[in-house]
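Visitor: Below are the chains, spelled out letter by letter.
2 protein chains.
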Amino acid sequence: MRKLPFLLLFAFTVQISFAQTEDSIFIKRISDEILTNGKAYENLRHLTKKIGARLAGSPGMVKSEQWGLKVMQESGAHKAWMQECMVPHWVRGGKDIASAAYIPERGEVKSGPYPTSVKKELDIIALGNSVGTGNNTLTEQVVLVNSFDELEKKKEEVKDKIVFYNYKFNPTYINTFLSYRDAGQYRGQGPSRAAKYGAKAVIVRSMSHAADNHPHTGAIRYDSAYAKIPAVAIGLQDADWLSEQLQKRNVMVTLKTNGHFLPDTIGHNIIGELRGTEFPDEIITVGGHLDSWDNCEGAHDDGAGCVQTIEMLRAFKAIGYKPKRTIRFVLFANEENGLRGGNKYAEEAKAKNEKHILAMESDAGGFTPRSLGFSGSDVQYEKVLSWKALIAPYGCTEINKGGGGADIGPLNRALKTPTASLNPDSQRYFDIHHARSDVFEAVNKRELELGAVNMAAFIYLVDKYGL
Amino acid sequence: MRKLPFLLLFAFTVQISFAQTEDSIFIKRISDEILTNGKAYENLRHLTKKIGARLAGSPGMVKSEQWGLKVMQESGAHKAWMQECMVPHWVRGGKDIASAAYIPERGEVKSGPYPTSVKKELDIIALGNSVGTGNNTLTEQVVLVNSFDELEKKKEEVKDKIVFYNYKFNPTYINTFLSYRDAGQYRGQGPSRAAKYGAKAVIVRSMSHAADNHPHTGAIRYDSAYAKIPAVAIGLQDADWLSEQLQKRNVMVTLKTNGHFLPDTIGHNIIGELRGTEFPDEIITVGGHLDSWDNCEGAHDDGAGCVQTIEMLRAFKAIGYKPKRTIRFVLFANEENGLRGGNKYAEEAKAKNEKHILAMESDAGGFTPRSLGFSGSDVQYEKVLSWKALIAPYGCTEINKGGGGADIGPLNRALKTPTASLNPDSQRYFDIHHARSDVFEAVNKRELELGAVNMAAFIYLVDKYGL
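Same order as they appear, the protein sequences are chains A and B.
With the working numbering applied, the first sequence corresponds to residues 2 to 468, in that order.
With the working numbering applied, the second sequence corresponds to residues 2 to 468, in that order.
Rather than coming from a laboratory, the hints here were simulated on the basis of the structure.
Keep in mind that the hints are not guaranteed to be accurate.
Copies of the same chain look alike in the list, so a pair counts if it fits in one copy or across any two.
List of simulated lysine to aspartate or glutamate pairs, EDC-like, C-alpha gap at most 16 Å [as the list claims (entries may be wrong)]: (1) Lys169 - Asp33; (2) Lys389 - Glu399; (3) Lys389 - Asp24; (4) Lys121 - Glu109; (5) Lys71 - Asp24; (6) Lys353 - Glu151; (7) Lys465 - Asp282; (8) Lys71 - Asp150.
All values derive from a computational prediction rather than experimental measurement.
Between the sequences and the hints, there should be enough to build the whole structure, so can you do that?
Guide: Set out below in structure tokens:
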């Protein structure tokens, strides 16, 4: 595109036609501050490139907590602290006791002649919380199932085998979170449902429609009624290949995984606070989660939510905003494989009898903002909806019923706190979600910043008008 | 993000709550076809990776035209043809007559001591349609101006110098096309406005807010009243550095550019047609432009619009749709530096007394769809607006007044044809626009496909109900 046709421009001016009110002027100030002087992108660069992966219990977790506290302080929090909680400590590897060398995960296909024998390394990743194959490798025949229904039909066949769940991520949902909900059960429940029929391990097709072959990890939930068996994911190209092979031959796969739990350890929620001037006892929480999976930089999941949270604090301070209510900016611990941070935050809020009027979360990636989600009473929803025209010019053109996040769920359950979420565009999220491709380079600076702008506008309105 | 909170899902189901009508069912079929069997992404891979840059007059132009015709035929056009037009033939380089070696563009800063001398290669790119520095390099002192106002103030100083326009791309506009309109005048008019006061060349800060240093090219328009002088762009890091230097010292820059025009040559619009069954003489045009700048793959600009256009044809055929009206799928020639393709299309339509009821263009990148733009009568706009709920579930949640595209502008002017545009999210466009970073890897498969879905839905409705 060379130049902008005049007619086309007409459409764009809609964004500034909203009557100039005190609120619209203030929100524009927030937006200008974040888009002009924003530090979210450079903070994300530090978090991803200098610290990197930060699964609960890892050295990255400790470093990121220290960093988070420092940045909260530097960004102008009246008070910043670490809220301690015990966190699970799952590790992927894998050190040889004799040599202390790292033992890598490995998946390999080696199968006999039809028409010729095949041998192929699979690009695998053990699923989070999964057990390993022990000191030895595990070599078994693979049974292809395309769904749980098919597993039920083949339940007599899977004993002592490896079950390969090849359930496809549905491309026809426009909102990709629906595809994730649909396919995600194969990761979460798949291992135990296969173990129920005596399977020795499972291989899961990654929950993604990426054009690449990266495997995507994520937590599994073992059902205590059945044996805990090793579970790995493979990427889409490997999954298609394996499925094709299995339609014409028997396939043997050798797996070596090393996942295991170490004793629980200490982690922290990182909290920065701006003290309210009129109603300091009314608390608004906004946050993301600081932990990430261990195989990536956790740039979108949920580095983005963390640096957006810090950016709101920085921007409020930079423009001299003095909130009426107390706003807490929280980087939650251990969302990915335990939710201990979110639980701890709710427990302490309840124990201290705190009054929480809203909790908001950004945990769907640092993509261009599209809508806000809100869960509260109908009266509250009507109030929130009345702010739509104030926020729409910045990207969130809708405020939908239904909003929250894993970390703020416990607060909602403990204190009935209304919850909200930033819903960015979902098209690119599952390309990189829990995969090695979730890196800084996958995040766009302006998309990231606009997420902070939309949330800050919403928080400002809740602070000003209550709920 | 680990799992989807139940409440959040509630918001996502809105997309499927629209009453199932014949139209909504049909549009879902189009969408499912494109998202499941779409070829837009693989077509784009071919166009960008096998063919690459395709500026008017270049070998890439010829190859892409042949490819376009073939793909139109393979995608099921009832008729596909090349519409000839003369196109300008601007080239960037630059061959040494004696050795036939390519002469690269070059920009270098070499300046005396303050406090120490500086020497630095600038990453430059000549602006499109610009003249070169001739057989020799051009070395002159640089005058920094941050705006045209500042140029006027410094008009006595710029004679025989190089003017450096350091006008910043405004980050505070949410729609980045507004920033482009604002800053773009420095590229388009800058050279002649500096030449008016005797400048020897201009350097322009790129129209971008990218975090990298790639220079962005684009067309300039010389004013015939003044000398044609060389004009180059530099990236943002170089621009910030140069501006900083100029605030403390005199800076000499050496430029070598080789741009020049060869005689006009033959190019083509590539047209595929589905013949209407009821009103074959009523024509709906939808397209993008096949040419790109010579320094990139033109993946977003406008490879995306081309493969979306072809995808609509493919999908209509694949689901057996027989349009009432004639639909023409057009890959326009020479949008970037001449618009000869769009002009030719309009001329021929007028000469043949054709009846064109709508022309639609996709030329704002292959990003996630956000809105449609429409320019027509108020009655027509009301009709179009009544389709909003049918299209919104696929991403274009708004239908705004004002829509068109450079290539379909001439048809509108010649025949008063209503025009429409796909308006995808604009945040990432000017990171890569006219820069070497506009490559296949910058395009997301689903975002690209959804653009085709939204346009196909609109074209279907116009075909069915007329305008």
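Visitor: Are the hints correct? Go through all of them and say.
Guide: Hints versus structure:
1. Lys169 - Asp33: For Lys169 and Asp33, only the inter-copy Cα distance (15 Å) is at most 16 Å; the intra-copy one is 43 Å.
2. Lys389 - Glu399: Result: close both inside a copy and across copies, 7 Å intra and 14 Å inter.
3. Lys389 - Asp24: within (12 Å within a copy, 29 Å between copies)
4. Lys121 - Glu109: within (6 Å within a copy, 51 Å between copies)
5. Lys71 - Asp24: Answer is neither: 31 Å inside a copy and 55 Å across each miss the 16 Å cutoff.
6. Lys353 - Glu151: neither (50 Å within a copy, 61 Å between copies)
7. Lys465 - Asp282: Intra 14 Å, inter 59 Å, cutoff 16 Å: intra-copy only.
8. Lys71 - Asp150: Neither: 51 Å inside a chain and 44 Å across chains, both beyond 16 Å.
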